[in-house]
Each structure stands twice: as structure tokens, then as C-alpha cells.
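4 protein chains.
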Amino acid sequence: MKKPWAGRFAGKTSKIAEAFTESISFDKRLWRYDIEGSIAHAMMLGRQGIIPHKDSAKIITGLKSIAKGIEAGKFKFSEELEDIHMNIEAALVKKTGAAGKKLHTARSRNDQVALDLRLYLRDETKGIISLIKNLQKTILSMAEKHSSVIMPGYTHLQRAQPVLLSHYLLAYIEMLQRDRNRFEDALKRINILPLGSCALSGTTLPIDRAYTAKLLGFEGISENSMDAVSDRDFAIEFLADAAILIMHLSRLAEELILWSTEEFSFIELPDAFTTGSSIMPQKKNPDVAELIRGKTGRVYGNLLSLLTIMKGLPLSYNRDMQEDKVPVFDTTDTVKACLTVLAQMLPEIKFNKEKMHGAAEKAYSTATDIAEYLAKKRIPFREAHEVTGKIVLYCIKNKKELKGLSIDEFKKFSSAIDKDIYSRIRAGDSIKAKTSRGGTAPSEVKKQIKRLKQVIK
Amino acid sequence: MKKPWAGRFAGKTSKIAEAFTESISFDKRLWRYDIEGSIAHAMMLGRQGIIPHKDSAKIITGLKSIAKGIEAGKFKFSEELEDIHMNIEAALVKKTGAAGKKLHTARSRNDQVALDLRLYLRDETKGIISLIKNLQKTILSMAEKHSSVIMPGYTHLQRAQPVLLSHYLLAYIEMLQRDRNRFEDALKRINILPLGSCALSGTTLPIDRAYTAKLLGFEGISENSMDAVSDRDFAIEFLADAAILIMHLSRLAEELILWSTEEFSFIELPDAFTTGSSIMPQKKNPDVAELIRGKTGRVYGNLLSLLTIMKGLPLSYNRDMQEDKVPVFDTTDTVKACLTVLAQMLPEIKFNKEKMHGAAEKAYSTATDIAEYLAKKRIPFREAHEVTGKIVLYCIKNKKELKGLSIDEFKKFSSAIDKDIYSRIRAGDSIKAKTSRGGTAPSEVKKQIKRLKQVIK
Amino acid sequence: MKKPWAGRFAGKTSKIAEAFTESISFDKRLWRYDIEGSIAHAMMLGRQGIIPHKDSAKIITGLKSIAKGIEAGKFKFSEELEDIHMNIEAALVKKTGAAGKKLHTARSRNDQVALDLRLYLRDETKGIISLIKNLQKTILSMAEKHSSVIMPGYTHLQRAQPVLLSHYLLAYIEMLQRDRNRFEDALKRINILPLGSCALSGTTLPIDRAYTAKLLGFEGISENSMDAVSDRDFAIEFLADAAILIMHLSRLAEELILWSTEEFSFIELPDAFTTGSSIMPQKKNPDVAELIRGKTGRVYGNLLSLLTIMKGLPLSYNRDMQEDKVPVFDTTDTVKACLTVLAQMLPEIKFNKEKMHGAAEKAYSTATDIAEYLAKKRIPFREAHEVTGKIVLYCIKNKKELKGLSIDEFKKFSSAIDKDIYSRIRAGDSIKAKTSRGGTAPSEVKKQIKRLKQVIK
Amino acid sequence: MKKPWAGRFAGKTSKIAEAFTESISFDKRLWRYDIEGSIAHAMMLGRQGIIPHKDSAKIITGLKSIAKGIEAGKFKFSEELEDIHMNIEAALVKKTGAAGKKLHTARSRNDQVALDLRLYLRDETKGIISLIKNLQKTILSMAEKHSSVIMPGYTHLQRAQPVLLSHYLLAYIEMLQRDRNRFEDALKRINILPLGSCALSGTTLPIDRAYTAKLLGFEGISENSMDAVSDRDFAIEFLADAAILIMHLSRLAEELILWSTEEFSFIELPDAFTTGSSIMPQKKNPDVAELIRGKTGRVYGNLLSLLTIMKGLPLSYNRDMQEDKVPVFDTTDTVKACLTVLAQMLPEIKFNKEKMHGAAEKAYSTATDIAEYLAKKRIPFREAHEVTGKIVLYCIKNKKELKGLSIDEFKKFSSAIDKDIYSRIRAGDSIKAKTSRGGTAPSEVKKQIKRLKQVIK
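Note that the protein sequences, when read in sequence, are chains X, Z, U and L.
For the first sequence, the working numbering assigns the number 3 to the initial residue and increments by one for each residue that follows.
For the second sequence, the working numbering assigns the number 3 to the initial residue and increments by one for each residue that follows.
For the third sequence, the working numbering assigns the number 3 to the initial residue and increments by one for each residue that follows.
For the fourth sequence, the working numbering assigns the number 3 to the initial residue and increments by one for each residue that follows.
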């Protein structure tokens, strides 16, 4: 087969080189966007009189029919034709003859592939935003449902202070909200039309880029043709946002894994989302959570791949940039799968309320409340902190819980302690009193739930 | 020295552990922000009656005097006191006694360090945005100054089409503009008050976070205390933005290195920004550009570091997060140094206009113009492309340039070619005709310069 | 379909979870190794009397027949059966009934998958070593063929000193030799039998691991069952070695790209390994070299992925580790493709000897030779260096080459310079005199070629 | 101050460029190696008659005196003199006049810096190997000391099968042994003399590289001068080995963190290696372990940095490579600190044997033993596995432990079960029976301890 670019070539392409340089095996996934972009381009060419109206119409009909063929699984992709752009163009020429040969007027593969990737990422980014929203809603329902569950909050994975399970869950909604905002910010930079930059310097033909942008729903138009074909920022930014997102999911996954250990026993994962062992009949493994945690490596790797690819590349288009697709595709697939499976699995989790509450009552997790109790009584916080530390040490040595101390024992440490101390050191009391903005008090958590319902709509 | 947190501890800290866990050797750089935050916190505590006004005043005076001491280089930082927070608090207690011991009321190091890092990154991000703007202005002046210089535009590092040097320079302004926008978007998420989240669950004391936020100029307040002390998204986002920025600079650096080779000879770098060889007396090396390219590795590494650190961490604060500072500090230093040195060096570069223009005239770089010429004459672009390819092949075989072909030679390839072809195939003519939006035509470049003057103000 | 591990499970696996956790879509590539391992395992089980000989024989026949089926493309892989291990086992049970159900005795998927991956990587590593050797031989032939070609050696991409093209080529053979050695070292750690570690703690059955190891050609046996199923060092080490290897290839690729620019024009790439442009008919792009450079990002990303996955994982097997396969497979494919295409392309490159030699004669590239000439005349090297620097500056100002200076001009800079200077400052003379070990003198290069012929056999 | 390389330069170096390009602020750490290398070089120059013996002697005396000055903290490092090499040479010239100016004969900073870094990394690698050995010995003592402690082995962080604590500890010795082997392999490639490669092409002077190599204790000599100054493989390989090492440590750290939670309560960390909270008086945090886990990010980042730096660099030396030092230095510091602190902390850990053993008895962790029991009775393993799964399910539903089942209950699931089952399902019995090579049986663990004592000597 003759290559469309082979006018000046005397020798043939080596089969090995052909297999090495082809991208059709992975960029065929872009077919829908390639056709969408070509239709808009053809409409513009016709409208501007760059090609006859008749040819424009033929092209559009031809492309639509190719789209149907691909959708129906009837299209034969050829490695010899290198990429999705040339596969489709060749099919179009076959269908429409001379008309099809006019489609590539005022266009280059350089701006075409940038267009396709932007259209793809615009769709995917919107899809991911929507999946994030969905996951947020799922978590929000859980927070509402489990509004009375008390659990230990941890720092350094040591029980630190009691919190509401709802409060803990809302923390993830906050993280996801930042993820959404980041993807929305990225979308502003993704949603820019590069087409019309041609190879790198624009064209001598009277194209109307604003019209093409309008047809394709772009909010902006690239303003420098060299930049437009050299730029993969939008893809890197997307990958960075995805890396932060999956980092968040990896944290949640880690906690699901911890909480479903025998030792924690805070939750039971649904059978439908766990697997067994091929040798140990008793096992029930948190595979989904583990895989989400593991897939973090994949997304980080993809981000680093594209950053590495773009390092030190001179302007404008270089073939290295063909390597942008695999990490982008792999990331969209991975992130979407993780968001989807989590939203399905989370509501099925059974929380072991007694266990969680019990854990929150222990480990002196309301010691800070004693320190703040003393601070309210005008004891400098540092002293209050030290006094409380000594109380804890006394408890450990004597194997007592804080609420198990008599008032006399308390008073040995500070005369400022009175009987009202007992209404401060139960987990539930501690939580109720944490009414500072963003704190874990039920009243505050309720406010946050109300606010978040608006935010994540 | 007694640790402020040592109430419950019986044993002493190992010296090796102390050296291993200390952060004062690097986080002392945060002193200004730590004090700024503590002053605001003390004002709030006083105003809310959580501590007496008198103590609040003493604390503020004390902190200001400590700030002066540090500024004057008189403050002694102690490794035993672990970090900047405890170093300053210990000094304050020394100065103010019981008053100082009240500063840490309704606060934890967990929210304090998050505050300090946010204040630091807010300043640094603004500083970087301003340095980007400065570099953009520098490049814009160059684009205006060299508005008539013609050079070859490259794809695959092969001469592709002639462009204006100005057009090429504007491509970098576009990239930098996206960098600015990304940093500005990041700033929205950096500029959030975490203080008042305390250890992880808020406080029982009647703090007023909105007041503290106002004092410190924050635009938002974190809404979930667990999230607030667990969150390092803002730092990762900053690092990702920095990675994209330095990737841009690495591309510019690559081209400066290429252009200053004997082979390209497009530019001469100023003596003041190059160095010589310890063995080869004739050398003049583009060290600054090479180092910028090399420092890309450093910033990428920093981004990966923090992503790795945060992977799979359970909520809320974990000591791993102390490792956030070195990559962040190293990145701000690196990025600022690169932006600064580039803005100094670029205007001193001498462009070898003849060489650049000469290169643009060769290598058949206006072949696309012939193809578009034919397309305008209704020859389907694919055919036009092939015809032109054959013309080029003919030129190569006969060692001719396009403009060296006679009209008869042209007509052998296509009867559609007329004498007006000669006004299309000189680099200058080609450029003039590329009037599509974002194209390299002088008229379009002028428009872009005008627009950018507004944008980067 | 009933899961083989589902004895204790009441609920069914969710379809979404099944799709999320399956690995058959990518680990089916391990089928050959899975069967090879199972056959050895069955032989051992039979020999040890753990299962009846008859059953062992049935299993082996069954597995061989399955292998044939897969080879012939007739085997149906099922996502429901999760992975390659269970797909094959299920087929075996179908074929052999109760016998097949005995295969998994004294084995777990944990040690089985470790076995398969080691067998796979052993083969691939050997294959890569062989491809490296092949590439070394190719380059060595080129070095012999082009033994008289002189070119400029560069530092900082500035012409520094003349060297032989052969000498330059040998540098890459050295790099590749280190790559080989690293892969050979890795092989020592890959080629270890993990089977028999079972889930994590060994087995109560009287297995003979040494026999299995012998059957499978392993040189060592893992000595700790928990480590054996937790360990992916061998894969990370492989990925790190691959990262260094492709970094080397990226450097070669960079130089091929540079050298095939119009500006350098040192080489012409064969038509068979370049491609054209869809819009610019005159272009001939070094795509293969660019893609090799770009694929560096992919391999770096893969290394980082697996490092990230393994970070902080508690012993022993965790499902995260299933994510090891995609980066490993992608790396073996990538590295092998790059080595193969390079070995094909390199011998087809045409070197433009005149251009290379001409470049070496210019840019004062023998200035160091003057400095060493003076040093031999007992002028302290630093002074000699400075004197030469002044000569170069004089040449630049007066637009002369070194060999164009008269002896009087030379003597103005140092009376120590005599007429014999003229036999030192031509590129060829300079090269001939660099006879230090590892230097670029033809005599030394010849020695190295002879040595390398032995080394890379 | 005049730059030693400034012969041909007319303009002065910009202060900003000077600050940007200097490396003395970090490479001064190499002073010892720089001087060691220079002394060997001077000896060789004298011996070969390249410089007079007298001068050689003067240089050596001068360098030794400079070394003393640096050691005593009296040496003034100057940023203007860029790097450690020029700082020391300038001081030498000051001390010895013309003699000092002869030191740089037949040498370039390109081979000098490669030499220094190799000498540095040789020392550091040996130091790290020795620290690994030390940590192995520490763990081995622990394994011997706690030889009777039973704990649950985990897969998927679910209790899987009982193992000996000793067995678990030996797993880490295996990992560390591979680390040692990898560093030893790296040492073969580090311990190569690059000096004598000069700028990139060797020298015309009659140097004796073998003699220099002997003086400096190198085991090999680089065989290609261009490769020698371009090569940073040895540093990347070191970083990759360090990344795998710290990954191992991060896994141990993770488990220390888990085990010191209230929930696990398997261990108590020594007060001397934990810290408290500034707000929560009861906290005792596993900071050392958390920081080790966190520092993994730093080492991964360093590896990626250097890989990124070297990607696509043309031969030979480029200034980018100056950026190799910070990641290398940071990694040696980090890894050594982690190994040291761990070796100190581990022996101080108190194991809660009852808790560990108790956990091992629960969660049906000997279910596999039942399956293997049945397999021995010729029930196909897959059926045995399923039967056991049903037994477990029955236990869960009826809230029983395996050993709490009556023989009749057992027999309901399989008639093959006899009373001897009770001697298989206690954790201790299970462990004792796992006598396969590398298994957890005390007899096997004892063998391994004996073997390891030889191995890690």
C-alpha cells in the first residue's frame, strides 16, 4: 500500500519499522473523535468555499457511514495505515474518491491528533467528574445513615480522639471535591481547539477556526500554532489530577483493608466484593481495596511517563509524543474503574458499631478533653497538657481507664479538676463538645452534610 | 531538655532517634510563617476570651521579638526541640513564662504545620507567578524587537516550514500563561485556613476560625478537621504545576543548546552566562541552559516523592508527612532560580538572523505552500501533496532548490502551476500568507503581541 | 460458575468486582510458564507419592493437551475464572476429573504466580541479553567498517575534540556491555524457585523442592516461604536494568535525531526507517529514533509503578501485587522492540564522512592538543591552557582557523611553539596522538575492537 | 577572580549565572576524594616524567596540607571558584605556585568529577553493605531470641496461617541479603577508574592509567574515554538498589506501625524511639517507623531524578550531569540513617507473645492444615479445600473455633476426618508440621538460622 505521505520517498518502509511506529493498535480508540473532528472540519471547509459544498457533503456522509461501520465492528483497521487518522481517511477516499482526498486540506496530523486527544479527554474528564460526584453522593448517604456511629480518630495510626464515622466519611467528600475542582480547572485548558494550526505554522487557506470551535463545542481557540501542536500540558495536568485522585482512593482503600482485619474488625466487606484463597479455605480477602491501592502505582507511573516524554523536546511536534496515548488511556480506564467499583462496594459495607465505639472509648482518647478542661480553668495549656500526660501514665501503670479514676485520684494531679470532669471523658461527650467549625460534633457534622448536599449536586 | 509532649513518657529519647526525627534543620525556613500564624492565633484566643487579653498581648510582643532575633541571626535553633514550632514556643515560654504556655491552646502541631506550609506556599506561588510574568514580559520584548527575523520551524527536528522568530517566542509565552493559570488555580486551594482543626477533630474551646482567617488573609476555611490535617493535595498540586513549568523551560533550554551549536549557529549566548572548559581552551558552554534542563529531573523527582509519601496513608496526620517539606522547598528554590536566570540571560542572546533566515529558505520548507497553492486550484489536497512530494524528490536528485526550478520544470509535475508560484515559495512569502488565526503571518503575530500585552499585565 | 475458593462464601461475586479483579486479560500471556510449572509440580507430587503416579501422569498429559489447544488458539479464556492459573486448572479438571483436582496439592496461587513470573522473566531476560549482544555485534561491525571516519566529539553539545566515529560507536558497546552484565546479575536473583512456599508458610506434605528446581532448571531455591511469596525484587531489578538500558538507547536516538538534521547532516537515515508528513511533502522524519526516545518515558513509568506498588506493603502476598504484570510485560515488549529495530536500522545509516570530518577540523577542536604540546615543553598546564585560550580568542577575532596561523603569530603567544605545532593541530594528527588507554587513537581503537570481539561473543 | 578556563572569554560571568551554576555548596562533600584522586594523579604524572618529580612531590605535600585545613574547618570555600575541583586547585596554586599549575595536566574536570563520585560511592556502598550486615545480625539475634513466639502470618492483611516470629524475621534477612548482593554487584561497576579519559578523547601525554588505578584501589579501568565521561550508570544502579532496599525497610516499618496499634498490640516500641503529641497527652507515636516509610518517597524521587536527567543526553559530558550529586548524596544519607536507627530500635521492641499467639490461634488459621490432612487421605485437594471451606463457614455461623468442633461435627463434612485431626489444628502443631524447605517449622527455621549465620558473616 502506498503511504499518503510517500511522494518524495524512493525506498519502502521496513516491516519492522512499520510495526514499531504504528499506533493504530491503540489509537483506534479515538475513532469517534477523529470522525467528529473531521466532520466539523469538512463543514468548515465547505462553508468557507475551500472545497466545494458538494464535496463537503460527500465527505460528511462518508464519515458517518464509516462511523457506523466501526460501531458495528465491521471496519478493518490496518497496521500499514499507521494510525486512526490514515485508516479513516483511506476508507473515506475509497468511498468518496476525489472528495475524500480534499478532507486533509488545511490540516495536518499534528493538529488533528491534538484535536482528537482533546475531544477524548474532554469526554473522559466530564465522565470522571460525574463518577466522582456519584461517589460523593454515595459517601454522603452513608454519612447520613451512620450519623450516630462513634469511632476512634487516628494520628500515626494510634487512637487519638473519638470522632463520628460520619465526620470521617465527610473528610473523603472534601478530598473528592478538590479532585472535582481540579478536573474542572483542567477542563478549561483541555477544552481548546487546536485544529487550524496545521503542521506548525497555520495555513494560507481562508479557514474559520471560530466556526469549527463552535461546531465542536470548544470554549477557546489556541492562539499560537507552534504551541498548539507542541502542547501536551492538558494531558499531563489530567494525569496529575488523576494521580491525586487515586492517591485519595488509595488512602480509603488502606483503611478498608485495615478495618477489615481481624484485629480492627470495624467492618465486614460484602462477599460480592471479596475473594477467597486457592489454598486457605477460611480466607476472605479485601481484593478490591488492595487492587485500588495497587493501581495507584500505575497512575503515578503514567504521569511520570508523560512528563519524561516531554522533557527537553524541541518545538514543535516530535514523534515521541505518540507515546502520550497509552498512559492517558490506561489512566482514564483505571480511574473510572476504581470510582465505579468503590461506589458499588461502599454502601454494602457493614460497620461493626460496637467494636468501633468500644475502641473509641479506650486508649485514653479523651485525654485532650481533660487538657482543654484544665485550660478553660485558666491553667496554661502546656501545663494542662503535662498534667494530663501524668494522669494517663498513672492510668497505664494502674491499668485503669480515665473514667475509672476516682475524683480523689484526679485531684492528686490537679486541684482544678472537679466532678464535672466525668461529663467530658466519655467518647460521646467529647464528640458533642467539638463544635468548632469543621469539628466532629454532631451539630457541626449535620451542618456540613447540609452544605455538602448543595455543593455536590 | 524536657519534651513538651513528654508527660506520659518514662524513658528518654534516643539521641539517634532524635537526630533521625528532627526537622528543625530544614523547617526553620518556615519561622516567619510560624510566627505570623501564632500571632493571629494569639489575637483570636485573646479576643474570644480563651486566654486573657494580657497574655495574648504578651505572647504577641514575645513573638515579634523572637522574629527580630531570628532575622538578626541571633536565634539558636536546637535539634532537641525537634522542629520550628517547638523551638519558637520554647523561646516564647522562656521570654513570657505562663503566658507563653497558653499559646498552644486550641491548636496542635498537626494544624499548625499545615498552616505554616500553606502560608509559605501562598507566598512562594505568588512569587513564582510574578517571576513567570516577568519572564513572559522579557520574551514579549524580544518578540517585538526581533519581529522581522525568519527562521525554520521544525517538526521531528527536521526543518518543516518557515516561521517568524517572534512567532516561535510567543509559543513560550502561551505555555507560561498556562503555567500561570495553573498556579493561580492551585492558589485557590492553597489559600485555605486549616488552623482550628487541632489534632484532628476540632476543639471544645470557643475559637473563631473566621477571624483567624481574616487576620491571615485566607480566602477559605477548611470544613473538615480530619481532612485538614491529612491533606497535602495543595503541595502536590503545586509540585505538579512546577513540574509542567520546568518541563517548558527544559524545552526552551534544549533549543538554546541546539541553537548555540556550531551546526545550528542560530544564536550566540552571552559570555556572562556561559562557562569554559578546564582542559579545552576554545569551549564556550551553554551551562545555564543545560542546568535548567538537568534540574527538570529534580523537580520531577520531588513530585514523585510526595505522591509516594501520601500513597496509602490512613487518616489523619502521619509522621511520614514531615517528609513533605524538603521536596517542596527544593522545588520553590529550583523553579525560582531557573525563572530568574532565564529572564536575565534571554535578552542578552544574539540572534544570527542571516543564518536563521538562510536555513528557513532551504530544505524545501515551503513545499506545503505549493501543495496549498494547488489545493486552491481545486486539486484534491492528497494529490497536491503527492505532486509536491515528487517535485521535492526531483529537486533533491537534481540538487536544486524549489525557487531554482523553471516554470517548465514545475509544469511537468502539474499544469496547474503558474508563474505566480514564485511569489509563494520564498520563506518570507510563505510566512506572510499564513494569516490563519494563531498562524505565523506578521499581521497575525502583531495581533497576538497586542493581545498578550493585555493578558500578561 | 463456582469459584474454586468459594467454600466459605455465601454471597456471589459482583460482576463489577469480577471485572475489576480479573487478570486473565493480561496474565494469559503466562500460559506456557504456568503449564511448564504445573507439569514439574505434578511430576514431583507423583514421585513423592503425594498423589498417585497414575494421577500425575494424567495431569501431565492433560496439561500438554491444554498447551496444544492454547497454541492452536482454541482455548477459551474466561474472565469468571479470574486468572491464568484457574483457567488452566479448570480446563484440566474438565479433562481429567479427580486427577486434575489433585494438581493444586502443596501449592498456592501465591507461589504459583511467583513461579510463573520468574519463568517468564528468565526467558525474557535471556532474550534481551541476546538482543543486546546482537546490537553490540551490529555496532561493532559498523565500528570496523567506518574505522577511518573522523568526527567532532562533543561536550555540552559543543564541538570539543576530534574523535573517530569508531571510537564513538564503541562507547555504546561499553554501555550495552554494562547492561548485559546487569541483566546477568539480575538473572541470578530471578532464577530461584519459589514453588513449595505455598500460601506463605510452606506445607505439611513431603514435597521435594530440589527436584522441582532441577526439572525447571532453577539455580537456587528460595529459603524463606514468607519472603518467597512477598518478593518482587527480581521484577523491580529487571525494570531498573531495563530503565538504564533504554536510557542508553535514548541517548543514541537523540544523536541520530541530531545528526540527521539539516544542520548537522552527519547521517542519512534509510527511507525504510523514516516516515513522511501528511502535510509537508518534503519531510523525512527520524520516527524510529524519536519513538525510542519517547518510549523511555514508558519504561521509567513502569519502574516507578512497581516501586510504588510495593512501598509499605505488609508481608506476605497482597493483591496489589497483581499489578506487577502489566508494567513488566510492557517493559519486555518495549525493550525488545527497541533493540530489534535499532539493530536493523543502524547498519543502513549512511554516514556523510566529509561533513563529519569537516566539522571536526573546525571550531578549534584541537586547541587541547596545543595546550598539551606546551605542557610537554614544561609549561605548567594552567598557563598552557590560558595561552591556548588566547590563541583561540585571536583566531575568533581574526576569523582564522588554528592551522591558518603563521608561526610568527603562534610565537606571539608563546616562544615555546615551534613549527612542529602544525603536525599537531589537524584533526587526524590529534586523533593519532591520543594513544592513552581508552583514547581515540586508531591504534587504541583497534585494540578495543579486538578485545570487544572476545567480550561480546 | 579570574576563572581558570577564561582564556578565550571577553565578558565576565554574571553573578546570577555564577550562583546558578556553582556546585561548591554541595560538592564540597567530595573534598576527600578529590584530594585522594589528585594525589594519585600527581604521583603518576611524576613517575611518568610528565611533570618533574619535584613538582609532583610539592603538589602532594600541598594537597595533604589542604586536606588538613579542610578537616580542621579552616578552608574557605568560594562560590566564585564554582566547584570542589577548582577550589582545591586554586588553593594548591596559591601554596605551590607553578607546581600546582601542573596538576591538571592530562586531566579534565570531566574525568575528575567522575573519579570523585566513584570514589565517594565506593566508600558509601561499602558502608551501606556493612550497615545492612549489621541490621541482619540484629534481626538474626532477635530471631534466635524469640524462637518460640507464634504469630499469625498474613496474606491480604488477613490472618492466613500461623508462623513463627523467627520465620517472619528471617524473611527480612533474606530481603536484606538480596540488597547486599545487589550493592556488591553494583560495586563491580562502580569500582572502575575513569581518570585518564580527560575531556572525552584521552590524551597525547604518556600517562599510566593502570598505575593510577592501583594507587586508588580500582579493580578495573574504563576502556572508552567518551563513555567514561558520559557514564552515570553506576550512580543510577546505586540509586535503584537503594530504592529496593528502602522499599524493604518501608514494609518492615509498615508492620511495626500496624503491630504497635492498639488493635494489633503485638509490640511495644521503646520510649526512646517514639514521640508524643503536642496536644494529646496520651499518645506514643511510632515516628521512626513512619519516617522510614515516608523517606521511601525521597529515595524513589532521587532515582527518578537521575534517570530523567540522563534521558536523551547526547555524548559526552553535559552540564546537566552536575545535578547527579544532590540525589546521590541525599540517598546515601537517608539510607544510612534508616539502617542505623532501625538496628538500634529493633532489639528494644517488646513483643507481646500472648497477644501474637492468641491471634494465631483464631481466625481459622489452620484451615489449610485440614485441607492438607484430607489430601493426605487421598481426597483430591480441590475437594479437600471445599470441604474445609464448608467447615469454616459452619464455624462462623455457629461461632465456633475449629478446635471447638466435635468429631461428629467434623465427620458430617467428611468421613475421612478422624480424631487425629485435633493434633493438626492448633497453631503450634500446624507450625511444627510445616517442615518443607523454607517452611516455618522450628526445625527448618533452626536450619535457616544456622545457614544465615554463615551467609551474613
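Treat the hints as calculated values from the structure; they're not laboratory data.
Don't take every hint at face value.
A pair counts as met if it fits within one copy or between any two copies, since identical chains are not told apart.
[Stated by the list, open to error] In silico lysine-lysine, DSSO-like type, Cα no more than 30 Å apart, as pairs: (1) Lys402 x Lys357; (2) Lys378 x Lys413; (3) Lys128 x Lys414; (4) Lys405 x Lys338; (5) Lys66 x Lys379; (6) Lys448 x Lys357; (7) Lys338 x Lys399; (8) Lys338 x Lys78; (9) Lys434 x Lys286; (10) Lys216 x Lys379; (11) Lys378 x Lys96.
Hints, one by one, checked against the model:
1. Lys402 x Lys357: both (19 Å within a copy, 19 Å between copies)
2. Lys378 x Lys413: within (16 Å within a copy, 66 Å between copies)
3. Lys128 x Lys414: neither (62 Å within a copy, 53 Å between copies)
4. Lys405 x Lys338: Close neither inside one copy (47 Å) nor across copies (45 Å); limit 30 Å.
5. Lys66 x Lys379: between (78 Å within a copy, 27 Å between copies)
6. Lys448 x Lys357: within (23 Å within a copy, 40 Å between copies)
7. Lys338 x Lys399: neither (51 Å within a copy, 37 Å between copies)
8. Lys338 x Lys78: The answer is both: 28 Å in one copy and 27 Å across copies each meet 30 Å.
9. Lys434 x Lys286: between (36 Å within a copy, 25 Å between copies)
10. Lys216 x Lys379: This pair counts as between: shortest inter-copy Cα distance 28 Å, intra-copy 67 Å.
11. Lys378 x Lys96: between (84 Å within a copy, 23 Å between copies)
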